[in-house]
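Engineer: In case you want the letters, here they are:
2 protein chains.
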Amino acid sequence: MTVSELPARARVVEVGPRDGLQNQPKTLPTAVKAEFIRLLADAGVADIEATSFAHPERIPQLADAEALLDLLDPVPAVRVSAVVPNMRGLERALACGVSRVGVLTAASETFNRKNINMDVRGSIDAIRSIVAGAAEHGVSARGYISTAWVCPYEGAIDAARVAGLAEELLGIGVDEVSIGDTIGAATPQGVEATLTALLVSCPVERLAVHFHDTYGLAIANAYQALRMGVATFDSSAGGLGGCPYAPGAMGNVATEDLLYLFDRLGVETGVRLGGVRRASEYMARQLGRTLPSRVLATAAGIEPQDR
Amino acid sequence: MTVSELPARARVVEVGPRDGLQNQPKTLPTAVKAEFIRLLADAGVADIEATSFAHPERIPQLADAEALLDLLDPVPAVRVSAVVPNMRGLERALACGVSRVGVLTAASETFNRKNINMDVRGSIDAIRSIVAGAAEHGVSARGYISTAWVCPYEGAIDAARVAGLAEELLGIGVDEVSIGDTIGAATPQGVEATLTALLVSCPVERLAVHFHDTYGLAIANAYQALRMGVATFDSSAGGLGGCPYAPGAMGNVATEDLLYLFDRLGVETGVRLGGVRRASEYMARQLGRTLPSRVLATAAGIEPQDR
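Chains as they are written, first to last, in our numbering: chain A, 71 to 377; chain B, 71 to 377.
Please keep in mind that the hints were generated in silico from the structure rather than gathered at the bench.
Glycine included, C-beta positions come from ideal geometry on N, C-alpha and C.
Be aware that a few hints might be false.
[Said to hold, decoys possible] Simulated coverage check for chain A against chain B, where a stretch passes if three residues somewhere in it have a Cβ under 8 Å from a Cβ of chain B:
hint	region
1	253–265
2	272–286
3	327–333
[Unchecked claim] Over 10 Å on every C-beta distance to chain B, these chain A residues come out as not near it, computed from the model:
hint	residue
4	114
5	207
6	351
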């Protein structure tokens, strides 16, 4: 067995505080969100997407973005980002001193309209303005392409369309494009096809993958991406998540499950699984429900002896 | 994207009634087990492992093996099997008219002693007697190799050891060897390594894989096996399961999750996912708990539109 084909290191982008919490029926106190982020930072997570500057009426669960960022103590090793859907959002984010923003589009017109109320072309125009405005303040941007494999409204998505969008976003100046399986319906074969198309024009170090675990395929998809050299993975602690505009979508792939995979494969992340478990256990108590992570659920956290 | 590398058809061996129920703290009424098996047969599952003829004191949950088999109506399209640990078990199984038996060994000495109270050599000798005795009555045998990747006591298992055992079992006359990741700690890379070793001497059509989903890796492992041509997969409805002699082990990979993967990849099974869900929902009610299958848990069973 050779492990030479896999990246030696992978980076986890924790999106639980934003993607995980934006769909919770319960809106949590700002202090709870801040504690969640603090626990994640303690676990060694170096990239945390903390919130979204969407209109408060659109995502009321994240309406406290300013107050939350104000509560966070800067940790030098941790990069905190926030999603910014438009120029008004960028102004709010810049006023809070964020150093990184996330910008959104989708591979499906129908989903994009439902998710951010713009057609794809409109969202690209918005991203161009946001990225330019952010750059003026030394703020970096990460692009998201939602429904990159399957759209709940339009069905299967063409890989070439995703590749074209990613190339366009990189041209606009985002430093990373996160390719999203919003409803968790991608297969490892689909991941292979879409990444093959993406890698023709996008450098692998500019690509991240963003899997949801609705049907249990997320870890298989992550492994497929890892085999193809992708080393940046979005996840949420405990598998928190879902999407209000994607019926049937469950949470992001659980950070713990991803870390377990990487650990068993000898891929370094610098993140401590036990620390992420503590963050998830805290959130499970706050939300009053069990989180879907398999590793979190495993009784007594017994680990196989060979690692 | 090419699908030519994957088998066109896969076979699911439902082990929920045996592997799934042998570890439940609650012993279910025989009629409930019979109804579970009836629902699985209705769903189109063609291979069902119904019970074990282990000593009733060893697995009290399955002490009603005779009564259960007596309750089952023969369904021509369904092959019902039972695990047989020794000659006494074979006598009991033959008296019930079973047409197929499962025989057990492990790749780890320590696990084998704890699981079936024999060293590996002793279990091979027992299997030789059982398979010969079964053959005299026209009864086929399936072999299991437990802890084929990781043993909870001994750690990582050498692939060559597993390949040697599988070859020996096939030489003894089992028609299929099920390679088991008893504690769910195999990775897709480990699956690749062990199957590569196995395929040197074992025909792929004689191999089955048996994954547990303790850490969320089962579907990734199944996909790896499928890519290598393996087309027989053990699973349990809803992900029922666990192993009393493997601390930390959770259930088998859920039949629903496996079927969803196969369906999305265009691999035919002849099994209806909705029917398996009904069997799992019935068992969840009987056990009074949520079963771990992702697909079962997905709200409203919304399926992506492209399949």
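Engineer: Next step is simple, just say for each hint if it's right about the structure.
Structural biologist: Here is what the structure says about each hint:
no.	hint	in the structure
1	253–265	holds (count 8)
2	272–286	holds (count 4)
3	327–333	holds (count 3)
4	114	holds, 20 Å
5	207	holds, 40 Å
6	351	holds, 17 Å
Violation of the numbered hints given earlier is absent; every hint is satisfied by the structure.
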